[in-house]
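Fit chain S to the supplied structure of chain C, relying on the hints for placement.
Chains as they are written, first to last, in our numbering: chain C, 1 to 138; chain S, 1 to 138.
Derived by calculation from the structure, the hints in this document are not laboratory data. Please note that a few of the clues may not be correct.
[To be verified] Simulated crosslink set (DSSO-like; lysine-lysine; CA at most 30 Å straight-line):
1. S:132 <-> S:50
2. C:50 <-> C:116
3. C:50 <-> S:116
4. S:116 <-> S:50
5. C:50 <-> S:50
6. C:116 <-> S:116
7. C:50 <-> C:132
[To be verified] Reference listing, derived: stretches of chain S covered by chain C, where coverage requires no fewer than 3 residues with Cβ under 8 Å from a Cβ of chain C:
8. 16 to 27
9. 35 to 42
10. 68 to 74
A virtual CB, placed ideally from N, CA and C, is assigned to each residue, including glycine.
Here are the chains, one letter per residue:
Protein chains: 2
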Amino acid sequence: MDPRAADLLSRPLIGQLGFHGLDGYPRVIPVWFELRGGELVIASPPATYKGHALSRDGRAALSVSTAERPYLIVSVVADATVERLAESERIELVSALALRYLGPDGARLYLDVWSKEGHPGDGELIRLAPRKIRFSTS
Amino acid sequence: MDPRAADLLSRPLIGQLGFHGLDGYPRVIPVWFELRGGELVIASPPATYKGHALSRDGRAALSVSTAERPYLIVSVVADATVERLAESERIELVSALALRYLGPDGARLYLDVWSKEGHPGDGELIRLAPRKIRFSTS
Numbered sequence: 001m002d003p004r005a006a007d008l009l010s011r012p013l014i015g016q017l018g019f020h021g022l023d024g025y026p027r028v029i030p031v032w033f034e035l036r037g038g039e040l041v042i043a044s045p046p047a048t049y050k051g052h053a054l055s056r057d058g059r060a061a062l063s064v065s066t067a068e069r070p071y072l073i074v075s076v077v078a079d080a081t082v083e084r085l086a087e088s089e090r091i092e093l094v095s096a097l098a099l100r101y102l103g104p105d106g107a108r109l110y111l112d113v114w115s116k117e118g119h120p121g122d123g124e125l126i127r128l129a130p131r132k133i134r135f136s137t138s
Numbered sequence: 001m002d003p004r005a006a007d008l009l010s011r012p013l014i015g016q017l018g019f020h021g022l023d024g025y026p027r028v029i030p031v032w033f034e035l036r037g038g039e040l041v042i043a044s045p046p047a048t049y050k051g052h053a054l055s056r057d058g059r060a061a062l063s064v065s066t067a068e069r070p071y072l073i074v075s076v077v078a079d080a081t082v083e084r085l086a087e088s089e090r091i092e093l094v095s096a097l098a099l100r101y102l103g104p105d106g107a108r109l110y111l112d113v114w115s116k117e118g119h120p121g122d123g124e125l126i127r128l129a130p131r132k133i134r135f136s137t138s
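With the rest of the complex left out, here is chain C:
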């Protein structure tokens, strides 16, 4: 991977997940994600629209970009898989993502509400296996 792409993907920038909607139109939604072992991983509640759509058609894209010029952009085209995420693993992943995006204090406040007294239930893990990763500036 281009080190500039790896650097940008490691910053706490919101991922913009693109997929084919159930009506055939594309969709773009902002997600928390993390790079793990060459894949981009996303934690999802069960039975979401994106989970249904990606289960049916795993063709996906994820982009991150900076908010200010010069715009640094990473565009990933990927194959997605959606699998059950047991509660304990879900807590681990969401905790890691909250820390990445909100910092220690923000994560604590977030997880206090999110975890439902330690029992958020099972969720879904969306894994994106990259086919292409492109770095650009604009």
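Just chain S now, kept in the frame of chain C:
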């Protein structure tokens, strides 16, 4: 349109444009855009990948979201058209977009380089006619 969606679309937040790539995979790219007469308009150089792809399949999405919690999100599903944008209209639109995203001083610096001494040439206008506009928070 939900006034919360209209408000968010009027802020200088980068649009995340989703479309079907020529290989059948989705693509997401960051774009400057503006709401004009109920449509979202994007200025493009000629002969870009997104222009080709949207000419072939006009099914599109555009999302904006805030960078900090609570995340405010507008997701638009739209039909796109791509048409030639004559130089004079291109200068007008890019000037308006630069002002919207960069402010007066930033726009001046940007346009000095972009305009190629007043002759940037023709471009393309991408117009998104919304089918659905959804406001959400996360």
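Exercise. Has the given pair, residue 116 (chain C) with residue 116 (chain S), been kept, meaning a C-alpha gap of at most 30 Å?
Worked result: Violated: residue 116 (chain C) and residue 116 (chain S) sit about 57 Å apart, past 30 Å.
Exercise. If you look at each residue in the region 35 to 42 of chain S, do at least three have a Cβ nearer than 8 Å to any Cβ of chain C?
Worked result: Violated: only 0 residues of the region 35 to 42 of chain S have a Cβ under 8 Å from chain C.
Exercise. Given the hinted pair residue 116 (chain S) and residue 50 (chain S), is their alpha-carbon gap at most 30 Å?
Worked result: Roughly 23 Å separates the two Cα atoms, so the pair holds.
Exercise. Does the alpha-carbon distance linking residue 50 (chain C) and residue 50 (chain S) stay inside the 30 Å limit?
Worked result: Judged against 30 Å, a Cα distance of about 23 Å means the pair holds.
Exercise. Has the given pair, residue 50 (chain C) with residue 116 (chain C), been kept, meaning a C-alpha gap of at most 30 Å?
Worked result: Holds - the C-alpha atoms of residue 116 (chain C) and residue 50 (chain C) are around 23 Å apart, at most 30 Å.
Problem set entry | Coverage of the region 68 to 74 of chain S by chain C (three or more Cβ within 8 Å) | Coverage by chain C holds here, the residue count being 3 at a Cβ distance below 8 Å.
Problem set entry | 30 Å Cα cutoff - pair residue 132 (chain S), residue 50 (chain S) | Holds: residue 132 (chain S) and residue 50 (chain S) sit about 21 Å apart, inside 30 Å.
Exercise. Would the pair residue 50 (chain C) and residue 132 (chain C) pass a check requiring their Cα atoms to be no farther apart than 30 Å?
Worked result: Judged against 30 Å, a Cα distance of about 21 Å means the pair holds.
Problem set entry | Restraint check for residue 50 (chain C) with residue 116 (chain S), where alpha carbons must lie at most 30 Å apart | violated (43 Å)
Exercise. For the region 16 to 27 of chain S, does the count of residues with a C-beta closer than 8 Å to a C-beta of chain C reach 3?
Worked result: holds (count 11)
Hints 3, 6 and 9 from the earlier list are contradicted by this structure; the remaining hints agree with it.
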